[in-house]
Amino acid sequence: MRPRDYALRLRNRFTRRAVLIGAAQTGLFGLLLWRLRRLQILESPEYQLLSDDNRISKHLVAPARGVLYDRVGRTIAEDRENFRVMVIPALCQDLAATLDAISEIVPVGAADKDRVVRAARRQSGYFPVLVTEGLDWRQFALLSVLAPQIAGMRTDRATYRRYGRARSMAHVVGYVGLADKEEVSAHPVMRVPGFRTGKAGIEKGLDAELRGEPGTISYEVDAHGRVVRELGGTPSVRGKDLVLTIDQELQEIAHKRIQDLRVASIVVLDALTGGIVVMASYPSFDPNEVSFKVDLAQWKELARNVDHPLENRALRGQYPPGSTFKVVTALAGLEAGVITPEERMTCPGGFLFGRHYFRCWKRHGTVALHEAIKQSCDVYFYHTVNRVGIDRLAAMSRKLGLGQIHDVGLAGQKEGIIPDTKWKRKKLGQPWYPGETISCGIGQGYVSTTPLQLAVTAARIATGKEVRPHLITPATPEPEPAQLNIDPVHLELVRGGMVGVVNEKGGTAVRSALTLPNVQMAGKTGTSQVISAKNRGFLKGWYGETHALFIAYAPVVSPRYAAACVVEHGGGGSRAAAPVVRDVMTEVLLRDPALKTALLASNEETAGATKERKR
Amino acid sequence: MKALFAEGLERPHVRLKQKLLALNWPFLALLTAITLIGVAALYSVAGGSLEPWASRHVVRYCIGLALLFTVALSDIRLWLRVAYPLYIVTVIMLAAVLVIGVESGGATRWIGWGEFSFQPSEIMKIALVLAIARYYQWLPPSQVSWPYAVLPPLAMVGLPVILALDQPDLGTAALFGIVGGGLLFLAGVSWLYFIAALVGVIVVLPHVWASLHDYQQERILTFIDPERDPSGSGYHILQSKIAIGSGGFAGKGFMQGTQAQLNFLPEKHTDFIFTMFSEEMGFIGAAVLLALYLLVLLFITYMALRCRSTFPRLVAGGMGLCLFAYVFINVAMVTGLMPVVGVPLPLVSYGGTSMLTMMAGLGFVLNAHINRETRIRREEIGPFW
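Taken in order, these protein sequences are the chains called E and D.
For the first sequence, counting from 1, position 495 maps to 495 in my numbering; every step adds exactly one.
Just add 1000 to the spot in the second sequence (first one is 1) and you have my numbering.
None of these hints come from the bench; they were simulated from the model.
These figures come from a predicted structure and were not determined experimentally.
Cβ coordinates follow ideal geometry from the N, Cα and C atoms, glycine included.
Misleading hints may appear alongside valid ones.
[Stated by the list, open to error] Now the stretches of chain E that chain D is said to cover, found in silico as 3 or more residues with beta-carbon under 8 Å:
{"hint": "1", "segment": "4-14"}
{"hint": "2", "segment": "38-45"}
{"hint": "3", "segment": "242-251"}
[Stated by the list, open to error] Label-pair restraints from in silico Cβ distances:
{"hint": "4", "chain 1": "D", "residue 1": "THR1032", "chain 2": "E", "residue 2": "GLY232", "range": "23 to 29 Å"}
{"hint": "5", "chain 1": "E", "residue 1": "PRO235", "chain 2": "D", "residue 2": "THR1032", "range": "35 to 41 Å"}
{"hint": "6", "chain 1": "E", "residue 1": "PRO148", "chain 2": "D", "residue 2": "SER1049", "range": "41 to 47 Å"}
{"hint": "7", "chain 1": "E", "residue 1": "TRP34", "chain 2": "D", "residue 2": "ARG1081", "range": "43 to 49 Å"}
{"hint": "8", "chain 1": "E", "residue 1": "TYR6", "chain 2": "D", "residue 2": "LEU1151", "range": "16 to 22 Å"}
[Said to hold, decoys possible] Calculated Cβ distances over 12 Å to all of chain D for the following chain E residues:
{"hint": "9", "residue": "ARG35"}
{"hint": "10", "residue": "GLN48"}
{"hint": "11", "residue": "PRO214"}
{"hint": "12", "residue": "TRP432"}
{"hint": "13", "residue": "GLN444"}
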């Protein structure tokens, strides 16, 4: 074969092989296209989901808590803007370094750092952990600018709870705090950083209503988790606003009035509707301090204080009602028909029952019902209760609102004790001894009540209706409370006695009569022994003193307000409790729109009269 | 002397005019179209900005065009003479890289003098094609399949492959292998050699595999199937697949690609530009781009077939193989068909060296096309010079 033929053969071979390679290339491109078809057409939906997962980061948005208003629309508690800084542990190269970087701008305590590190270990690394909050604008702006440089750090705006007239309102509204472990496990939504739930008072009792519904927000994030833009989401639903029956101004006045006492509480009810106008308890605390940026030392001090400032005594304080209970005994006696208003009994300063001598605080001589209430004669009521018996007394007590929980929307209310034979058998497993009945007649012995219950009793006696206390103004006016199944004549007799206590010479609270013209208050004092007199020596000083109580209603004609006040270890009811009620009641009456005009008119009249006289 | 040259070549002015006319202009239009797709993709990757990539890409393409014309219009015999020296110099530079090279991204590929730096492996692609083509231009056609005649080109391929593996740059090594092997095939080396090589690999590979340590096997398996390690190199492949897949049939729209725009993609302006492009333009866009490349390849094959002499024929064929290898490896890599090796997408990926190399290579294709009728006789050239 010649070289030329070789060359030709080689060229033909090249042609064949080049075509073959061209075909192979086309085939391999076909393979690529087939692969693309699989990715982009067949499996595309799957990859689209993955792509969205990549770029969309969903967050829960804590809802704004409902606002609390007082009965005339003053704001008691509301959400305010709160600048916060958080870390997302998974995005931090070094959590400690990130925290250090943050603390160069905002001081972060060692305890806070510790908490963040622990929280980061506990939950998903992509869940933001709150570092600190309540930044001022300058700090917030600075951190926001630095955000791209500090790995894993986020700033955001949230809200915090602000309480007005905080100290006087503390026990009613309560406070909020970060959701605790049980709450979180019950409702994972509460892991939203900074989500707060009610811990006491209305905030806790009506938490479900105030809380609202969390919303979601989606952010488009890049591969480093940096937010590129907001994609929207579902808005959070604001919690329900609530209007309380409390009058903030009166509450503040009441709080100031009992501030000089060591431990005291006062409740004022609108006797017609049952709305609680004032419910003050002292000592108190500032809910702002315990719901936001809590100082641990301060919190411990509050929790350990011997006077228990966190306790709402108006609802949770249980005291023997003492002589204030005599109105109940009197009604029980009248209703049972065992006493008549005319019957006179002799008080020689005590009452011998079996082998036990029950003392009266004074020799009253012979007294009828009116005088017995007015002068608070123990012996009269020893006789009365002896005839009535414990079960009928207990029934009357319950009818008047004692020994039961009045649900006003606050958690942790106390029931008190209204003893009867059944109660004793159940609780102590013993039969009832008749001797025990005697001291119950004057509100001692097993009997114990809360200030709220006593105020309800006062209101029910004043109006003759089954007044039910409440704290939240109902959306629709509630139906008139039902009439109590008590003879109005009997009620009138007891009321007469209560009027005498305050307004007649010899009444136990005559020094606490209202100084308002044309308006009078009726009431009943009480001085209850903490322990029986025999053991008195064991408790020294303040702890050994008697509780001072006073229940009242006003005005005497067409009663509108009922009140109860307990001054713990305050001494005598007439000396310690009655003046408090007088002062608070005066302010309440002065602010009552219906009474205001009448009072003003009479004021002018008196002023006019003085002028005349001067002339 | 006159007889040694093809007719008409002694009149330079006519020669240039003829050469320009002989240029394959539709081919150039195709290249420009692909480059413009690259510019658009780079514009999108930069978040809708000509800076920093798109504008420079255009400038580089223009420089590349100048280079392409220079190469295309140059005398083919010059390259015949330069082929071996160029190859030797490049091999030396490739070896030098291992000693004095600049390390970048875990591999030493760059060599630099002051401001200027380049990758010898890029020049090697051209030098290799030229050298092998030069060899077969010289080899008597009757001896093509002689065993001793197969050895020199095998060495020519083997040397740069080993040097590239040493860098280590698997992509480039594979590319050298494909181009060299392909050239031998096109040159007419007997099928028997290729079948023998294949059988040899099949026989030896399991033994090599068995002799490897577990961790080495694991590393190779991860290299072949990156999804075994989703947080490492598998992350890139997974993100790339997510991007391409989420593009769907019609794509997310120009500049709407979330994966790329949000930095989920690595090297999105260089090796992974195809991912970004097919995320935004979908299956249709990807198919169009691939079709354009295929057209270019078929054009090259056509041009190679029309060459009268061995040297231009093999140069064109070799450059075509090179372009094909680039495109195929890149696309197969980003779609998860092949392991991740750093191979750019020609004319689309951002990168100066690869752009210039590619344009020079295509210049050689056009040079071959212009010289399709040129007869180069064996006797014109010596074995080495």
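Going through the hints against the structure:
no. : hint                              : verdict
1   : 4-14                              : holds (count 7)
2   : 38-45                             : holds (count 5)
3   : 242-251                           : violated (count 0)
4   : D:THR1032 to E:GLY232: 23 to 29 Å : 43 Å, violated
5   : E:PRO235 to D:THR1032: 35 to 41 Å : 52 Å, violated
6   : E:PRO148 to D:SER1049: 41 to 47 Å : 19 Å, violated
7   : E:TRP34 to D:ARG1081: 43 to 49 Å  : 45 Å, holds
8   : E:TYR6 to D:LEU1151: 16 to 22 Å   : 20 Å, holds
9   : ARG35                             : 5 Å, violated
10  : GLN48                             : 4 Å, violated
11  : PRO214                            : 27 Å, holds
12  : TRP432                            : 77 Å, holds
13  : GLN444                            : 76 Å, holds
This entry does not satisfy hints 3, 4, 5, 6, 9, 10, going by the numbered hints stated previously.
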